[in-house]
Amino acid sequence: MNKEIIFTLRSPYRENMDVVGYRFGSGERSAAIVGSFRGNEIQQMYVCSQLVKILRRLEETGQIVKGKEIMVIPCVNYYSMNIGKRFWPMDNTDINRMFPGYDMGETTQRIADGVFARLQGYEYGIQLASFYQPGNFLGHVKMMETGFTDKELMKKFGLRYGIVREPRPYDTTTLNYNWQIWETKAFSVYSGSTDRIDENAARESIDAILRFLNGTGIITRKVRPGYLTSIIPESNVAQIHTETAGIFVSMTETGREAAENDVIGKIVDPFDGETLSLIRTRFSGIVFFEYDSPLINEHTVVFKIIRE
Amino acid sequence: MVKTIAQASLGVHEKLMIRKNTIRNGSSKQRLSIVTGIHGDELEGQYLAYLIGSRLREKIEYLNGTVDIYPAMNPLGIDSITRGIPLFDIDMNRIFPGSEEGTMPEALAASVINDLKGSDICIDVHSSNIFLMEIPQIRISVPTAEVLVPYAKMLNVDFIWVHESATVLESTLAHTLNSMGTKTLVVEMGVGMRITKEYCFQVFDGVFNLMKNIGMWSGETVPVREPVISLNRSVGFVNSDAAGIFVPCAKFGDHVEKGQLIGQVLDPLNGSPAADIKAVCSGMIFTLREYPVVYGGSLLARILMSESEEKCHE
Numbered sequence: 001m002n003k004e005i006i007f008t009l010r011s012p013y014r015e016n017m018d019v020v021g022y023r024f025g026s027g028e029r030s031a032a033i034v035g036s037f038r039g040n041e042i043q044q045m046y047v048c049s050q051l052v053k054i055l056r057r058l059e060e061t062g063q064i065v066k067g068k069e070i071m072v073i074p075c076v077n078y079y080s081m082n083i084g085k086r087f088w089p090m091d092n093t094d095i096n097r098m099f100p101g102y103d104m105g106e107t108t109q110r111i112a113d114g115v116f117a118r119l120q121g122y123e124y125g126i127q128l129a130s131f132y133q134p135g136n137f138l139g140h141v142k143m144m145e146t147g148f149t150d151k152e153l154m155k156k157f158g159l160r161y162g163i164v165r166e167p168r169p170y171d172t173t174t175l176n177y178n179w180q181i182w183e184t185k186a187f188s189v190y191s192g193s194t195d196r197i198d199e200n201a202a203r204e205s206i207d208a209i210l211r212f213l214n215g216t217g218i219i220t221r222k223v224r225p226g227y228l229t230s231i232i233p234e235s236n237v238a239q240i241h242t243e244t245a246g247i248f249v250s251m252t253e254t255g256r257e258a259a260e261n262d263v264i265g266k267i268v269d270p271f272d273g274e275t276l277s278l279i280r281t282r283f284s285g286i287v288f289f290e291y292d293s294p295l296i297n298e299h300t301v302v303f304k305i306i307r308e
Numbered sequence: 001m002v003k004t005i006a007q008a009s010l011g012v013h014e015k016l017m018i019r020k021n022t023i024r025n026g027s028s029k030q031r032l033s034i035v036t037g038i039h040g041d042e043l044e045g046q047y048l049a050y051l052i053g054s055r056l057r058e059k060i061e062y063l064n065g066t067v068d069i070y071p072a073m074n075p076l077g078i079d080s081i082t083r084g085i086p087l088f089d090i091d092m093n094r095i096f097p098g099s100e101e102g103t104m105p106e107a108l109a110a111s112v113i114n115d116l117k118g119s120d121i122c123i124d125v126h127s128s129n130i131f132l133m134e135i136p137q138i139r140i141s142v143p144t145a146e147v148l149v150p151y152a153k154m155l156n157v158d159f160i161w162v163h164e165s166a167t168v169l170e171s172t173l174a175h176t177l178n179s180m181g182t183k184t185l186v187v188e189m190g191v192g193m194r195i196t197k198e199y200c201f202q203v204f205d206g207v208f209n210l211m212k213n214i215g216m217w218s219g220e221t222v223p224v225r226e227p228v229i230s231l232n233r234s235v236g237f238v239n240s241d242a243a244g245i246f247v248p249c250a251k252f253g254d255h256v257e258k259g260q261l262i263g264q265v266l267d268p269l270n271g272s273p274a275a276d277i278k279a280v281c282s283g284m285i286f287t288l289r290e291y292p293v294v295y296g297g298s299l300l301a302r303i304l305m306s307e308s309e310e311k312c313h314e
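Respectively, the protein sequence lines represent chains A and B.
Take this note's numbering: the last position of the first sequence gets the number 308, and nothing is skipped along the way.
Take this note's numbering: the last position of the second sequence gets the number 314, and nothing is skipped along the way.
Simulated from the structure, these hints should not be mistaken for lab results.
We treat Cβ as the ideally placed atom computed from N, Cα and C, and that holds for glycine.
The reader is advised that the hints may include incorrect statements.
[Unchecked claim] Ranges between beta-carbon positions, derived for each pair:
#	chain 1	residue 1	chain 2	residue 2	range
1	A	275	B	22	52 to 62 angstroms
2	B	146	A	26	34 to 44 angstroms
3	A	134	B	22	48 to 58 angstroms
4	A	295	B	114	24 to 34 angstroms
5	B	215	A	260	51 to 61 angstroms
6	A	18	B	222	49 to 59 angstroms
7	A	168	B	57	38 to 48 angstroms
8	B	54	A	197	49 to 59 angstroms
9	A	292	B	223	25 to 35 angstroms
10	A	243	B	54	36 to 46 angstroms
11	A	260	B	114	47 to 57 angstroms
12	B	260	A	292	22 to 32 angstroms
13	B	61	A	181	51 to 61 angstroms
14	B	12	A	132	32 to 42 angstroms
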């Protein structure tokens, strides 16, 4: 294992921020794995840290295929993490909206440029991604439809679902999108939670990534079989919005089946405790996302259901 | 008449409401919309909205048409000194056109677009951010320049920046409305979290001049200035390579020569300069950093390259 500093940034009064990468094996750039860009992506950093530990042992026991190189960057933005901010400490910009970056540009453009320069040329790119809404979701893998997308590759992760997303304008400055434009086959792996560690979800993501590396001939470690992945367009994931605001009480959990018109949650008045509304499914399917904050606003996506 | 154009209940006993004031007189169907407060930390538009509303209230007889004033597109942000939409940490100007089926911010954005479309002209007033001071200017993407520059020239700004379009900017209010055929001009002036009265009065004069030119205003106006237009001219970006405290020595609007010192980045701990900051080209400084703390990469100034230097480059 080689530990290398991918990019260094000076600040007026803090220690330098070093973006650290761990390189395993040598030869052709086979897979790059990136953890957190945002200060609340603790689970994403944790998954990468566990992968570093496992890959170090695989390298020591000769289970990384000769001529293959893997790079893992657990955390791009610990400056924000250490002060409890989600985005960049100074200007609140999101590094994952700055790709491909610009070496003469603003601070977060320079970070993106420094990281992207090192991440180019890999055959596969895996980013541990998060949702911007607070909540729990089923682990899954996502690809953006850019015209270069080989969706069948998602099956090698063995996660229950592989989702294909039509990019929106704001997606064009993400790592995933730019990786694909620069001919890296890019995947976003969503690992259950964001700002707290969910050990089971982390284990599922780690197994999925190892399964993928094994299935693509980069490592030779046996991994227990996964799911027969269903590849679905993002439009098949139905959103349920709240019609009122108040205290949210969930009556289901991610992964459970729900029949049409089932009550899966309710909203309670925060002052008098009366039930203001019942949340019902409009379709039968699997609960894919569940909001998990006690207070909820009107018109908030409270559940997502994968339609059967 | 004040009307709520979008609303959503919040968790505890409160509604988020986006409101507009419709001021109407005469028989004309023309409609001008003044929009501001998409970014909660940009307040120059607050004073401009007040000035326009106040003048129209006092001199309503000179108005022929409808002026809609939307002072607070992001009311939670303005009330909490937050640039994005609080709770969601989302830049509202990156989610247009929104979606009625989307999350709360997207649904609000969709309602906003629904209400604004059909305006003859929309003016979206920004004030850069808390870091940068901007000379009163209008920003227009190249594909819309032919249609928009004539109107921009009426608005009494110092500068019209015609810039390349970027895909990510397709999520802005201005792009969305322009692509629907609603002519939308983006004004940038001053600095975040402050009101620069001089600039507000300047653009205020421009708004009434524009209204007069399109036949919506028959009251008094003042002559407007001829703006510098960036068409076929480059913009030089001065970014810091050092971290520290930026102290400028050039002033805003100054004409500088390439290589001229425009400021220093200082290291207060050691009492030494960390970097001399020099102009990357000759021309006019139209953006200058206001907030002193900088990292490597922080934008310090933008310079509109002078025509003579541009010719040298050719």
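Now for the hints, and whether the structure bears them out:
1. A:275 - B:22: 52 to 62 angstroms: violated (38 angstroms)
2. B:146 - A:26: 34 to 44 angstroms: For residue 146 of chain B and residue 26 of chain A the Cβ distance comes to about 55 angstroms; the hint is violated.
3. A:134 - B:22: 48 to 58 angstroms: Violated, since residue 134 of chain A and residue 22 of chain B (Cβ atoms, about 37 angstroms apart) do not stay within the stated range.
4. A:295 - B:114: 24 to 34 angstroms: holds (28 angstroms)
5. B:215 - A:260: 51 to 61 angstroms: With Cβ atoms ~56 angstroms apart, the hint holds.
6. A:18 - B:222: 49 to 59 angstroms: At roughly 56 angstroms between Cβ atoms, residue 222 of chain B and residue 18 of chain A fall inside 49 to 59 angstroms, so the hint holds.
7. A:168 - B:57: 38 to 48 angstroms: holds (41 angstroms)
8. B:54 - A:197: 49 to 59 angstroms: holds (55 angstroms)
9. A:292 - B:223: 25 to 35 angstroms: Violated, since residue 292 of chain A and residue 223 of chain B (Cβ atoms, about 60 angstroms apart) do not stay within the stated range.
10. A:243 - B:54: 36 to 46 angstroms: holds (39 angstroms)
11. A:260 - B:114: 47 to 57 angstroms: violated (30 angstroms)
12. B:260 - A:292: 22 to 32 angstroms: Violated - the Cβ-Cβ distance for residue 260 of chain B and residue 292 of chain A, about 56 angstroms, lies outside 22 to 32 angstroms.
13. B:61 - A:181: 51 to 61 angstroms: holds (58 angstroms)
14. B:12 - A:132: 32 to 42 angstroms: This hint is violated: roughly 22 angstroms between Cβ atoms.
Comparing the model with each numbered hint stated earlier shows that hints 1, 2, 3, 9, 11, 12, 14 do not hold.
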